[in-house]
Amino acid sequence: MLFKMAWRNLWRKAGRTAITMTSIFFAVIIAVFMRSTQEGVYDLMIDNTVKFYRGYVQVHQNGYWDEQYIDNTLFNEVGLEETILAHPDVKLLVPRLESPMMASTGPNSRFCQLVGFDPEREDALVKLKSKLIEGEYLGPDDRGIMVGHLLAEKMKLQIGDTLILLGQGYQGQQSYDQYPIKGLLKFGSPEQNKRMVYLPLKEAQYLLSAPDRLTAFAMDVTNRRVTDKVVADLETKLDTGTYEVMDWKVMDKDLLSFIEADRAGGVVTMYILYVIIAFGIFGTALMMVSERQYEFGVQIAIGMKKRQLAFVLLLEMVFMALMSVLAGSLFGIPMQHYFNRNPIYLGDDMAQVYEAFNIEAILPLSTDPGILIDQGTTVLFMTFVIMIYPLYKVFKVKPIEAMRA
Amino acid sequence: MLLQIAWRNIWRNPLRSGVVITAVVLGLWAVIFMLAFSFGMTESRTRDILETQISHIQLHNHKFEREDPGRFFLEDGTQIMEDLENDPATIEATSRYLANAILNSTKGRKGTYPVQLLGVNSEKEAKVTSLEDRIIYGTYLSNPGRRIPEIIMGKRLAENVGVLKEDSLGNWEFDPKRKLTLNNIVLADGSNAAIRVKVVGIYKAQNSALEALQVFMNKEDLLGKLNIEGEIHEIAVLLENGKLTAKSKKDSIKNVLLAQGKDTKVESWNEIAPEIEMIDKQFDSSMRIMIGVILLALGFGIVNTMLMAILERTRELGMLMSIGMNKRKVFSMVMLETMLLTMLGAPIGIFLSYLSIWFSSRTGIDLSGLDTQSMSEFGMSSILYPALPLNYYLEITVMVVIAALISSIFPAFRAIRLRPAEAVRAI
Numbered sequence: 001m002l003f004k005m006a007w008r009n010l011w012r013k014a015g016r017t018a019i020t021m022t023s024i025f026f027a028v029i030i031a032v033f034m035r036s037t038q039e040g041v042y043d044l045m046i047d048n049t050v051k052f053y054r055g056y057v058q059v060h061q062n063g064y065w066d067e068q069y070i071d072n073t074l075f076n077e078v079g080l081e082e083t084i085l086a087h088p089d090v091k092l093l094v095p096r097l098e099s100p101m102m103a104s105t106g107p108n109s110r111f112c113q114l115v116g117f118d119p120e121r122e123d124a125l126v127k128l129k130s131k132l133i134e135g136e137y138l139g140p141d142d143r144g145i146m147v148g149h150l151l152a153e154k155m156k157l158q159i160g161d162t163l164i165l166l167g168q169g170y171q172g173q174q175s176y177d178q179y180p181i182k183g184l185l186k187f188g189s190p191e192q193n194k195r196m197v198y199l200p201l202k203e204a205q206y207l208l209s210a211p212d213r214l215t216a217f218a219m220d221v222t223n224r225r226v227t228d229k230v231v232a233d234l235e236t237k238l239d240t241g242t243y244e245v246m247d248w249k250v251m252d253k254d255l256l257s258f259i260e261a262d263r264a265g266g267v268v269t270m271y272i273l274y275v276i277i278a279f280g281i282f283g284t285a286l287m288m289v290s291e292r293q294y295e296f297g298v299q300i301a302i303g304m305k306k307r308q309l310a311f312v313l314l315l316e317m318v319f320m321a322l323m324s325v326l327a328g329s330l331f332g333i334p335m336q337h338y339f340n341r342n343p344i345y346l347g348d349d350m351a352q353v354y355e356a357f358n359i360e361a362i363l364p365l366s367t368d369p370g371i372l373i374d375q376g377t378t379v380l381f382m383t384f385v386i387m388i389y390p391l392y393k394v395f396k397v398k399p400i401e402a403m404r405a
Numbered sequence: 001m002l003l004q005i006a007w008r009n010i011w012r013n014p015l016r017s018g019v020v021i022t023a024v025v026l027g028l029w030a031v032i033f034m035l036a037f038s039f040g041m042t043e044s045r046t047r048d049i050l051e052t053q054i055s056h057i058q059l060h061n062h063k064f065e066r067e068d069p070g071r072f073f074l075e076d077g078t079q080i081m082e083d084l085e086n087d088p089a090t091i092e093a094t095s096r097y098l099a100n101a102i103l104n105s106t107k108g109r110k111g112t113y114p115v116q117l118l119g120v121n122s123e124k125e126a127k128v129t130s131l132e133d134r135i136i137y138g139t140y141l142s143n144p145g146r147r148i149p150e151i152i153m154g155k156r157l158a159e160n161v162g163v164l165k166e167d168s169l170g171n172w173e174f175d176p177k178r179k180l181t182l183n184n185i186v187l188a189d190g191s192n193a194a195i196r197v198k199v200v201g202i203y204k205a206q207n208s209a210l211e212a213l214q215v216f217m218n219k220e221d222l223l224g225k226l227n228i229e230g231e232i233h234e235i236a237v238l239l240e241n242g243k244l245t246a247k248s249k250k251d252s253i254k255n256v257l258l259a260q261g262k263d264t265k266v267e268s269w270n271e272i273a274p275e276i277e278m279i280d281k282q283f284d285s286s287m288r289i290m291i292g293v294i295l296l297a298l299g300f301g302i303v304n305t306m307l308m309a310i311l312e313r314t315r316e317l318g319m320l321m322s323i324g325m326n327k328r329k330v331f332s333m334v335m336l337e338t339m340l341l342t343m344l345g346a347p348i349g350i351f352l353s354y355l356s357i358w359f360s361s362r363t364g365i366d367l368s369g370l371d372t373q374s375m376s377e378f379g380m381s382s383i384l385y386p387a388l389p390l391n392y393y394l395e396i397t398v399m400v401v402i403a404a405l406i407s408s409i410f411p412a413f414r415a416i417r418l419r420p421a422e423a424v425r426a427i
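Chains as they are written, first to last, in my numbering: chain A, 1 to 405; chain B, 1 to 427.
I should point out that these hints are in silico values taken from the structure, not numbers from a laboratory.
Keep in mind it's a predicted model, so treat the numbers as computed, not measured.
Short, incomplete list of chain B residues facing chain A, as computed with Cβ under 8 Å:
1) V20
2) I289
3) A297
No residue lacks a Cβ here, since even glycine has one placed at the ideal position from N, Cα and C.
Produce the complete structure using the sequences and hints provided.
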C-alpha cells in the first residue's frame, strides 16, 4: 500500500520527479567526468612513457635492475619464452640486449645506448617502424644500424656512413666493430633522439660476445591493471633465484610517485565538487518539501500517521536516488568511451608546447568502470544523507498551517 | 520596480536563498583557494629549479652542446663575465668549465658511470645554484690548491659508486676518505686525461638524472690539472625578478654582444628548459577544465533548485499573471532572482578567497606533516605559499557571470510556460 503510494506520487508530478532525478543524474555524470579526466591523463602519461619503450612488465636476470651492466644479463634458455608467453595476459614478448657504448667516427665520439632488438617484435610493441624518418627498417639478419636522428646530426652522419661502436662486452671482453647507418629514427624525447642506436639482436649478441644473452624481456599485457597479477604469476612459474620480474610501477618509480602526489591533489578537487553537488541536491530536496506542504497537511489531517508519511517519502526518494544514480552510471559508460576515442583537444597553444615532446595535446577520459561504481556510490551515499532533511520536515508538519499555505 | 520585486522574492524564502548563496560562496572560495594552492606549488617548483639548476640566463659558444663541450669556449668569456657582474640587473653570475669523464666503480654497484665534470668558482656557484646549501653529507668545496683536488657529487652517483653506503639499519653513511679516479676526461683537443680526486661532500638535486651526472670541483684545480688557461664554457646568471625579466634581458645581452661582433648563444630559462613552460601551460589548461566542471556543477545545482522553486510558487506566479503581469516581465523577474542570488554569492566567495590567499601567502602552509617525500622528489618544498595572479580572478568572475546568466534562463522559461488559470488553482 505505502509502496504503491510512493510509486504513484512519483508519477503524479512527473515534472518534479524529473527535476530531482536530473539533479542527482547530473551529479553522477559530472563526478564521473571529473574523475575520468584525472585518471585519463595518468593513463596517457603512463602510455607515453611506459608502453612506448619499457613495456608494462619485464623479466631480467636477478639483480640486473640494480646493477645494469652486461654481466648481469639473462641466458635465453630453451622454453623460457614459451613459459612466459603461456600466461593468458601476456600479449607480446620482446627480447632486448642493451648496453651503453661509445659511438665514434674517429675524431668525434659520444655516448650512446646500444639496443640489440628483434625488428618485428620491437615494432609490434613500440611501433618502431613509424619512427623511421629516413632510410630503411632493418631486417633480423641485416648488418647495419638505425640511430636517433639527433645523434646522426650531431656527429654529422648520413645514411650509408659508417659508425664505430666500442665498449665493454660480456665478462670484460673488449667489443668494437663498425656498422653502416641504414635508418634514422625520431622519438618523442630528445634524449632518445640523441642516444639510441638499434642493431639487430643476433649481431648485437655477437658484438658484445654474449650469444643468447638478453638484458630484458619486455612484454605487453592485455591492460595496465593486470600487471600485479602477471608479476605474481610469473614469479611462481619462473625460478626467482635466476630471474626477476618487474612491472612499470617498480621500474618507473618517479612516474608512479608523481601520479600519486597528483592524485592526492585530485582528491581535494573531488571533495570540492562533492560539496557543490550536495548543495545542488539539497536545494532541490528543500524546494520539494516546501512545495508539498499542502499535500502533507491534507494527508495528516485525514489520518495518515507522520511515520507512514515519512516512510512514503523515504521510499520515493530511495526510488529516485537509485534510478538516477543507476542511469547516471550507465550513461557514464558511453560518455567515457566517447571522450576516450574523441579526446578533448587542448588548443593550438598547448599543441605547440607539447609538440617538442611529441605528446599530443589531448585530454582523454579513462574508461575504468571502477570510476562509475565509485562515483555512483558516493553520490548515492550523499543523497541518502541529504534525505534526512525532508524526513525531518515531515515530522515537523503542522497540518492546519500547512493546508493554509 | 522589477528588481525590487525580485529582491523581495529572494528574501521571502531565506532558507532557499541561503542554500543557493552558500553553494556559490563555498564553491568559489574552494575553487579559487585551490587554484592559488596549486599555483603556489608550481611557482615554487619553478623557482627552485631556476635557482638551483638552470638560472635565468645562460651563455655559451654558438656551437656548444652539453653532451660534448669540447673546445667550444665562450669567446672573450672573462670579459663578458665581468660585464655581466657589473650589470645592475644581475644578482649573481658564475662561470664554468665543463668536461665529460668516466667514473669506474669497483665498490658499490659495479659499472661504468659517465659523468659531467664542472669546474666552478665555489663561492659564486654557492650563490647562483645554492650548491653549498644543498650539501647533505660532508662539506662544501674548500679553497683550491689541495694536492688531491676535492670534488662533490650527487647523492645518486654517490650511492652508485659506493661513496654512500647503506648500513644494516638502512641508514646511509658517507665515507669521506674515498678517493676516486676520473678517467677519460675529454680535453678540448680530443685527447684524454685522468685525475685522482677526493670526495668531500654529497649534494642533493631535484633532478635525479643530474644528481647521477654532475660532479663539481674548483675550476682552478681542474684547469691546473689539465694544464689549460682560463677558458670557460658556460656563464649562468641569476637576475632580479628573473622569471619575468629573463626574456627581455636575454635579447638586450644578445644585442650588446652582437654589436661587439660576438656570435654568442644567449638563452633564457624557457629556452633551456622548455618543460617548465610546458608544465605551466598544462597547469593553466587543467585548471580551466577544473573550474569549468565545478561551475557546471554549481550551475546545475542552481537550475534545479530554482526549477523546484517555480513549482512551489506556481500559484503565486499564476496570480501575478492573472492580475496583468505580462510574460516578458515574469521572465525577467525570475531571471533577475536567479542572477541576484549568484551575484550576491560571487563577490562574497571571491572576497573570502582573496582574503584567505592573502593571509596564507604571508604565513605559508606547512605541509611537512604530510608525506612529502614524493613532493621533495619533484622539487617541492614543504612550506607552500598560495598565490594567484589577478587575471585568474578576472577570468573566474567572467565565467561566473556567464554561468549565472545561463542557469537563470531555464527557470524563467519554466515560469512563463505556466497557464495563469490553471496555476492559480494549483495547490
